[in-house]
Amino acid sequence: MRWYWALRQRWHSFWFEPVEPVNLGVCRLLFFGAFFLLYLPLDVTLWAGVSDVFWMPVWLFRRFHLPVLSAPMLGMFQGFWKVALGLSCLGLFTRTATSASFLFGVYLLGLPHNFGKTHHFDAIVVFVLGIMALARCGDSWSVDRLIAVARRGRGSSAVRPVPSGEYAWPVRLVWALMALIFLGAGVSKLRHSGFDWIVSDNLAIMLLQHVYQPVAQADPLVSWSFAVARARWLCQLLAGATIVLEVGYPLALISRRARWVIVPGAFLMQVGIRLLMGPTFHQFLICNLFWVPWDGVGRWLVCRFRGRQPCAVFFDGACGLCQGTVSVIRSLDLMQRVDCYDARHQWPVIESKFPCLNQEACLEEMHVITPDGKCVTGFYAYRELAWVLPLGWVALPLLYLPGVSLVGRWVYTFVASRRHRGGCPLPLRSGGTIVTPL
Amino acid sequence: MSRHRRWLVCGVIAAVIGGSLYDIMTDCEHWPFSPYPMYSDVRREYVLKRFWLFGIEKETGREMSLLDAQYVQPFDRSRLTHALMRIYRGQVDRQPLLSRALQDCWVRYEALRRAGRHHGPPLSGVQLYLMTWQLASSGHQAEQQASRELLAEVTDSTDSGE
Numbered sequence: 001m002r003w004y005w006a007l008r009q010r011w012h013s014f015w016f017e018p019v020e021p022v023n024l025g026v027c028r029l030l031f032f033g034a035f036f037l038l039y040l041p042l043d044v045t046l047w048a049g050v051s052d053v054f055w056m057p058v059w060l061f062r063r064f065h066l067p068v069l070s071a072p073m074l075g076m077f078q079g080f081w082k083v084a085l086g087l088s089c090l091g092l093f094t095r096t097a098t099s100a101s102f103l104f105g106v107y108l109l110g111l112p113h114n115f116g117k118t119h120h121f122d123a124i125v126v127f128v129l130g131i132m133a134l135a136r137c138g139d140s141w142s143v144d145r146l147i148a149v150a151r152r153g154r155g156s157s158a159v160r161p162v163p164s165g166e167y168a169w170p171v172r173l174v175w176a177l178m179a180l181i182f183l184g185a186g187v188s189k190l191r192h193s194g195f196d197w198i199v200s201d202n203l204a205i206m207l208l209q210h211v212y213q214p215v216a217q218a219d220p221l222v223s224w225s226f227a228v229a230r231a232r233w234l235c236q237l238l239a240g241a242t243i244v245l246e247v248g249y250p251l252a253l254i255s256r257r258a259r260w261v262i263v264p265g266a267f268l269m270q271v272g273i274r275l276l277m278g279p280t281f282h283q284f285l286i287c288n289l290f291w292v293p294w295d296g297v298g299r300w301l302v303c304r305f306r307g308r309q310p311c312a313v314f315f316d317g318a319c320g321l322c323q324g325t326v327s328v329i330r331s332l333d334l335m336q337r338v339d340c341y342d343a344r345h346q347w348p349v350i351e352s353k354f355p356c357l358n359q360e361a362c363l364e365e366m367h368v369i370t371p372d373g374k375c376v377t378g379f380y381a382y383r384e385l386a387w388v389l390p391l392g393w394v395a396l397p398l399l400y401l402p403g404v405s406l407v408g409r410w411v412y413t414f415v416a417s418r419r420h421r422g423g424c425p426l427p428l429r430s431g432g433t434i435v436t437p438l
Numbered sequence: 001m002s003r004h005r006r007w008l009v010c011g012v013i014a015a016v017i018g019g020s021l022y023d024i025m026t027d028c029e030h031w032p033f034s035p036y037p038m039y040s041d042v043r044r045e046y047v048l049k050r051f052w053l054f055g056i057e058k059e060t061g062r063e064m065s066l067l068d069a070q071y072v073q074p075f076d077r078s079r080l081t082h083a084l085m086r087i088y089r090g091q092v093d094r095q096p097l098l099s100r101a102l103q104d105c106w107v108r109y110e111a112l113r114r115a116g117r118h119h120g121p122p123l124s125g126v127q128l129y130l131m132t133w134q135l136a137s138s139g140h141q142a143e144q145q146a147s148r149e150l151l152a153e154v155t156d157s158t159d160s161g162e
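Residue numbers (the numbering used here), protein chains in the order written: chain P, 1 to 438; chain Y, 1 to 162.
Honestly, the hints are just simulated from the structure, not real lab data. Keep in mind it's a predicted model, so treat the numbers as computed, not measured. Backbone N, C-alpha and C fix where the C-beta goes; we use that ideal spot for every residue, glycine too. Hints may be right or wrong, so weigh each one.
Cβ pair distances, simulated, as ranges [as the list claims (entries may be wrong)]:
{"no.": "1", "chain 1": "P", "residue 1": "L253", "chain 2": "Y", "residue 2": "T132", "range": "42 to 50 Å"}
{"no.": "2", "chain 1": "Y", "residue 1": "G90", "chain 2": "P", "residue 2": "W5", "range": "48 to 56 Å"}
{"no.": "3", "chain 1": "P", "residue 1": "L253", "chain 2": "Y", "residue 2": "G116", "range": "29 to 37 Å"}
{"no.": "4", "chain 1": "P", "residue 1": "P18", "chain 2": "Y", "residue 2": "V47", "range": "53 to 61 Å"}
{"no.": "5", "chain 1": "P", "residue 1": "R95", "chain 2": "Y", "residue 2": "S65", "range": "42 to 50 Å"}
Same shape as in the complex, but just chain P (with noise of 0.2 Å):
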């Protein structure tokens, strides 16, 4: 029994390690924005009007009698899609747009397969499609995050998800996808050709096969092929190499120098097949993002940008609005360059700092001092701090267009010349931890 209780150990700690939620949050973000990218222009409508001479169901379709819809239903599930995917990647209702994410990607991604011959390379989309529906994937880098967090203002550690597993197996599960989709291409090579695969010119074959007359559903990007394939001794190489890496691959799951060879290793290997003989694996390369530690990544670049001066904001900490506002602020600020200062209850320390504030003029309008010294307030404030903060990044442009600024300034006024009238429109919360980044 001592191994059924090892065993169960070692389960539950490779699945249900307690980690934060931010490495989850990137993946859920990188990897639905990259299928929202990918997927935009796809359009399944015309499988609509194809012969039934073509009607080859695969397992799922036949299994579930599932038909083909009409074309004007078909336009719809991909518009609903299309919206589900971005609405994941911003993580705004996140369990709803997941869910219908993956509902509506199992059929639209399958549909195409059952017309004669099955792509394999959106399978594991599918999949993770239904993974990122069951996770928790919205509790960090989600804009239910932030509307959280603004919502509660400075509240109380209770907002911020502690590490759990939940944040651990979803991304255990797709690296464990990936490594049995490799074994599985590794074990048919080995079960349909034995070792003939690599030390016959069976590479050679292909790679002249697929460049005289590209027949994959796309076409090689180089004319290398040739060469390789006169190298009889580079293309054995290549095939033994080839399977190495796809039956060794679930060594990348218990081991991390393995993990640093064997993941980059099959990156490379499909993109050397896209360039030499033609099939696409977009999915495949786009999945590998869960590979990438990003909370590592976030902090190395905190501690690479930690050195420069922060930007200084001053609010009115009486006013709910202002503190739920700065507690969006703090959230975004993950490479921390914002310093937040109350103006209301923390003046003697600004006063002593900030010599050239007004106590009155930072309770009316938010000022910012920016690390070079300048002083704006307002819109002019949110734009400066727009430069700080990642997210910002992305409105930048936006925010220097002619015109914006007016628009920015009168908007501004509007909101805080209101946000007292008939008493602050939220309550002061009192108490509580500073609230962390996302």
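Start from chain P and add chain Y according to the hints.
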């Protein structure tokens, strides 16, 4: 994480891994599960055999290759040739089925052309060939077209594409 949630997640993990391993061990395909058999067969001969779809231009009578995604969409050339191959090899009475398949390709080609989704010429027929090329084992670029065999065709005289 609650106990029920943990059991649910473990169930999903087991289903995904179990389904994948089952297909790998049995070499069967249950989409989206698969043993991923792409390129698993060994090639021994410097020969390339492909099903190829040609259109006959109405005005000139010349043949043009139809295996361009814009002409055969929503198919891509890989899926279409594979589908035609399955029809050809899978049925005893395959000729009527092949004719229907070619007819469908022709009708869709014309519909796409009229909708402005490609600029190909109008066709008077569609032919399916089995093409065979002898590849140069030296790996140089010169190639030889060894032979082609007409498998099926539909033309204006046999059926209308409009």
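Taking the earlier hints as the rules, which of them does this structure contradict? 3
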